[in-house]
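Peer 1: Construct the complete structure from the given sequences, taking the supplied hints into account.
Heads up: the sequence shown is residues 1 to 697, going by the UniProt record's numbering.
These are computed hints drawn from the structure, not numbers from a lab.
Just so it is clear, the structure is predicted and the values come from calculations on it, not from any experiment.
Built from N, CA and C at the ideal position, the CB exists for glycine as well.
Incorrect hints may appear among the rest.
[Said to hold, decoys possible] The calculated label-pair distances, taken between Cβ atoms and stated as ranges, are:
#1 503 x 43: 51 to 57 Å
#2 559 x 406: 21 to 27 Å
#3 21 x 129: 35 to 41 Å
#4 43 x 682: 27 to 33 Å
#5 244 x 28: 48 to 54 Å
#6 670 x 559: 42 to 48 Å
#7 114 x 378: 45 to 51 Å
#8 244 x 31: 27 to 33 Å
#9 690 x 231: 33 to 39 Å
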Amino acid sequence: MTRKNTATSLLDPVLIKTALWGALAKLSPLVQWRNPVMFIVYIGSIFTTLLWLHALNAPADASMRPSFVLAITVWLWFTVLFANFAEALAEGRSKAQAASLRGLRKETWAKKLKEPVHGSAFLPEQATNLRRGDVVLVEVGDVIPLDGEVIEGVASVDESAITGESAPVVRESGGDFSAVTGGTRVLSDWLVVRVSVNPGESFLDRMIGMVEAAKRQKTPNEVALTILLVALTIVFLVVTVTLLPFSIFSVQASANGTVVSLTALVALLVCLIPTTIGGLLSAVGVAGMSRMMQANVIATSGRAVEAAGDVDVLLLDKTGTITHGNRQASAFLPAAGVSPSRLARAALLASLADETPEGRSIVELARRSGTTDENPQNVLLVPFTAQTRMSGVDLPAVGASGQPAITLRKGAVQAIARHVEALGGAMPHDVVATADGVAYRGSTPLVVTEGRQVLGVVELKDVVKVGIKERFAELRRMGIRTVMITGDNKLTAAFIAAEAGVDDFLAEATPEDKLALIRKYQSEGRLVAMTGDGTNDAPALAQADVAVAMGSGTQAAKEAGNMVDLDSNPTKLLEVVETGKALLMTRGSLTTFSIANDVAKYFAIIPAIFVSTYPQLSALNVMQLASPSSAILSAVIFNALVIVFLIPLALRGVQYRPVGAAALLRRNLAIYGLGGLIVPFAGIKLIDWILMAVGLI
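Peer 2: Spelled out as structure tokens, the structure:
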């Protein structure tokens, strides 16, 4: 596949320039107050700016030197700007993706049919004037004007502008491949399409809205973390405020030292509150949605991305996900006393109303075996449905009207067994044995019957994907339970489940069965993810916590899901889960680092602001910083610069590894907890050495 949605480089000059202007624009108080932690830094920057102006006119002690206050003020403003820059950079990447999608929108003309039938008269109409329910004709070379459902015709469609996939896809009426997307081009034949949206509501318009991260709502976990950060900020704010009267009392009681300056207190507050994660929290969330987009998955909200990281049950369709999905009829296995030609013809007629790929493969196999295409007239077709799991045809009686003389049916073993029993017949033992043998081979048996006489079995073959068993083993190590869903009988399902290595399976699944299974897991407190592409998947997709609809699927499926996979690759669900977990890991890692590095800042600033009153505190100057002023300024500079150095990590995310939760926790604490303790000590000492070397302090 040729990727269209490649990741935008962090060093893209246009992106950086836009982010710099965005960082300045975000200095508005109306923007800053939305981030409580950085709003405190914002207020502190304004306050020290006023202190600097005051110091210019009334110089006081060394801690109130205008140059020192100005240096603190400048780096506090840099702290705010760096946090704004991180968020603007993340938003800029998403807006660049949205801009590329807008470029796909074209002003097109449509052929609006007066009657919803090919061959009827049409009038040229601009796409912007079409409305839901209008019917249009799209011929070779035409651009499909708006999203819709094919109601007549079969054609090859180029969807590379949307999916990035160069190979054309087939779109036709009926089944799960009837949805077409506005902006795609018909390469062959023709389609009659009923428009399913109004202008501005198309899939492309919704994609653009989805990736507009500036309008992103905070996710539940993000809200909870924000509350925690606000609580920590309030605690440190109260502690810092009480230090001023404590310092005044201490100086008066000991008649020694100087009262701590307001500049030093603001610096202490800013360094102790969790500014690192506070400044990067929004960028992490925006970047999570952006990374989904780079994987060709459109998430409707950050909530969906976050939920993907918490999923502990995956429901996966067998066909196309666990197996290659090209299950084809491979053999006709007649019952005792039935000729192969009779079975093949009955299977062909019973499959005429089956629009599934399996049904069509039966028709093709029968024709290849020499069965003629001459079909009886005035037959009643019985289409395949997920509920009945059968298709067939009712042939009219000869010389009579009313009741049919022959009923041909083809379907799943259990469905046909119930059908035959309802007619007073029974499944022959040899047919049951044949069907069991097919199932044990990992194939799918379908039974064909004429009236209550069972004619034999059709074998459908499919192959488990290479490497899928290892992927499921990784998910198991992650604590995620995998459940295969299939319409196959239990024997076939059990064989495929064992070969693929899934934890459980649901055989002979109907839409109601899928919905009931999801609700069962959710009632146990589990988060459930699933994929789907058909209208019959819509109820289960709407119920699932993470629902990935295929871009090639029906409109109903895409509207029910909270993610859309443009590649229409059912295995993408595994990648979605990993991306969601990477988002949660990134947020947790940065939070751990932010809280841990406060320890070093404590050892830098607390001794510096009280050492004149309590000389014994010099023992806490473990970094051997040159002077109190240098210690305070070094801590403030490090506090600002660390945001810059962590921006790439916030936007690219922490690499996820499929190991257990305990192992992930140990790794997180070792790298970001211990690292958060060590790095600031080295960083602050290095900055102190530079300040002294250049004579700034």
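Peer 1: Which of the listed hints are broken here?
Peer 2: 2, 5, 7
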